[in-house]
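Assemble chain B onto chain A, guided by the hints.
Top to bottom, those sequences are chains A and B.
Heads up, the first sequence is in my numbering, so the first residue is 1 and it goes up one at a time.
Heads up, the second sequence is in my numbering, so the first residue is 1 and it goes up one at a time.
Careful: at least some of the hints might be erroneous.
With the C-beta cut set under 7 Å, the calculated list includes, among others, these residues of chain B facing chain A [to be verified]: (1) Asn85; (2) Arg86; (3) Ile113; (4) Gly116; (5) Ile117; (6) Glu120; (7) His124.
Beta-carbon label-pair distances, calculated as ranges [stated by the list, open to error]: (8) Thr200(B) / Asp13(A): 43 to 51 Å; (9) Gly193(A) / Gly234(B): 53 to 61 Å; (10) Ala152(A) / His41(B): 49 to 57 Å; (11) Gly295(B) / Pro57(A): 51 to 59 Å; (12) Ala217(A) / Val230(B): 54 to 62 Å; (13) Pro44(B) / Gln35(A): 53 to 61 Å; (14) Asp38(A) / Ala146(B): 15 to 23 Å; (15) Glu128(A) / Glu33(B): 28 to 36 Å; (16) Gln50(A) / Gly148(B): 31 to 39 Å.
Keep in mind that the hints were calculated from the coordinates and are not lab data.
Every residue gets a Cβ at the ideal spot worked out from N, C-alpha and C, and that includes glycine.
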Amino acid sequence: MTSTSFGATFTSDWMRRFAASVTATEDELTRLDQQVGDGDFGVNLSVGVQAALRRLPDKPGPQDEAAAPLEAAASAFLDEIGGTSGPLFGLLLQSLATAAAEAGPALTTPALAAGAASGLAAIQRVGEAAVGDRTLVDALAPVADALRTVPAATPPDRALLTAADAAWQGARDTVRIKARLGRSSYLGDRATGIPDPGAVGVSLLFASGVTVVPTLAPHLQEAGH
Amino acid sequence: MGPYFADDAASLVSDALVGVARAHADLLTLQAEHGYLRARHPAPARRVAVVSGGGAGHEPLHTGFVGTGMLDAACPGRVFASPHNRQIYEASLAVAGSAGVLHVVKNYTGDRINFGIAAERLAHRGVPCARVLVDDDLATESADIAAGRRGTGGTVLIEKILGAAADTGMGLDELAALGTTLTASCRTLAVASAAHTAPTTGAPAFAVPEGAVEYGVGIHGERADHAIQVAGIGSLVEQMTHELLYALAPPAGAQMIVLVNGLGAVTQLELYGIFDALARHLEARGCEVARNLVGNYVTALDMRGFSLTLLVVDDPQTLRYYDAPVRTAVLHW
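Isolated chain A, as found in the complex:
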């Protein structure tokens, strides 16, 4: 497999699959957020992916740089979503775009690892959230950890599978956490039992690297793989 297989066509398809996953699961995301947040997360994420679709290059060629579609999605999330969790996804996408641009025209596994790590750092700086605070950090930190240990020569689609597994596990683990930050922090024990919607959104992003996610339920049930 040549490196150009992971150019702009791949990242553009990734963002389109992410949009399809969010659209397919929007109602499930809304129901989760109605139980632990203010209920607008599904809609916000949906607004973000629709804006991203409008900004994605029409037909990227195989030689186009992998960073461009990620950058387009990042600015859509940063500019066009209200509230705070949507723009935080924009920061993650922006970090992935920066790392991809630094790596060269094609996406690489080390670039994914670097982008996830710097995205995590940016989100933590801005949101002042630590692991265990029941936020999207609880899915993204395991992703960064998992990608760090994937061999550099691994094709990025394989690395994204590993990242998705780590994210889903992190999202499932949030059901046991009592919130300290964000809207769910007002609910105390009532939020336990329900996964954090932001962490689920991170899982959707990485899982969409390989496939469209039609429904959340199978991924949120314990046991996993």
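Below, chain B without anything else, positioned relative to chain A:
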């Protein structure tokens, strides 16, 4: 028409922005697409742009302080709601100086996050950015409040002084450090005898018992954690002054810049009486009122309340910055 002289809660802010730009066209311009006001004539020596913003409803903060010698841009959100990161990012990019942008941020979670996202985006674009977090509200000083003290009235004094320092060509890190030092020497306490009118319902946001004040209100219509009965204005001001001095622990003979600030529905007549009481209590405790501002500077829509801000002058240069020329809609000397 709603409870305010505007067609609805949303147009209250957007109409005012256009009006501010029209009224002060010599000082500032409105960037309508991204929703920020920008100074027309920043000092030529300024290398770091000073940008602030926050929820609307606190006018004249921040729009009234855009101009020469103070803010290069202000980003208003909706009433009592943080501006969007895009407004802050676009404003900062547009006004950034050769040495970057300083964000002056009142300590509220939404403002912290949105200014923080904008700062990350600026870093991504290679624009140096630093933040001064203003957290002067004494009423929210408690180990139980994880979010920390709120940012309130002291913001005006800090923006004035930082603006003058920026006009000397001061660098980004030095400005941020100065802002942190000023904030550490500045505390505010606010009381209200009646809540603001909620723009959506037209009803008072909360009820205050007869003859009492909410002691320690916020500027977003947050009620205080307790109300106290008021025996007289002198004793109320004395209690507030005592608590501010206890928190600041100024050295004997300390000079102070004081702000007596109306929260929206208090008359200038009342504010000057309050200022006199404050000055007498400060002098009785050996403090010198070196400079003063008395008026409506940081409001909470039409809340009937006032705040007292003391900024202890640790360095004579602070007064020189305060006295330096400024030309904005509200402060001009």
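Here is what the structure says about each hint:
1. Asn85: holds (5 Å)
2. Arg86: holds (5 Å)
3. Ile113: holds (5 Å)
4. Gly116: holds (4 Å)
5. Ile117: Interface hint status for Ile117(B): holds (5 Å vs cutoff 7 Å).
6. Glu120: holds (5 Å)
7. His124: holds (6 Å)
8. Thr200(B) / Asp13(A): 43 to 51 Å: The hinted range 43 to 51 Å holds for Thr200(B) and Asp13(A), with Cβ atoms some 44 Å apart.
9. Gly193(A) / Gly234(B): 53 to 61 Å: Cβ of Gly193(A) to Cβ of Gly234(B): about 56 Å, so the range 53 to 61 Å holds.
10. Ala152(A) / His41(B): 49 to 57 Å: At roughly 54 Å between Cβ atoms, His41(B) and Ala152(A) fall inside 49 to 57 Å, so the hint holds.
11. Gly295(B) / Pro57(A): 51 to 59 Å: Given about 54 Å between the Cβ atoms, the range holds.
12. Ala217(A) / Val230(B): 54 to 62 Å: 59 Å Cβ-Cβ, so the 54 to 62 Å window holds.
13. Pro44(B) / Gln35(A): 53 to 61 Å: Once the Cβ atoms are compared, 56 Å apart, the range 53 to 61 Å for Gln35(A) and Pro44(B) holds.
14. Asp38(A) / Ala146(B): 15 to 23 Å: Holds, at about 20 Å.
15. Glu128(A) / Glu33(B): 28 to 36 Å: Holds, at about 31 Å.
16. Gln50(A) / Gly148(B): 31 to 39 Å: holds (37 Å)
Checked against the numbered hints above, the structure violates none of them.
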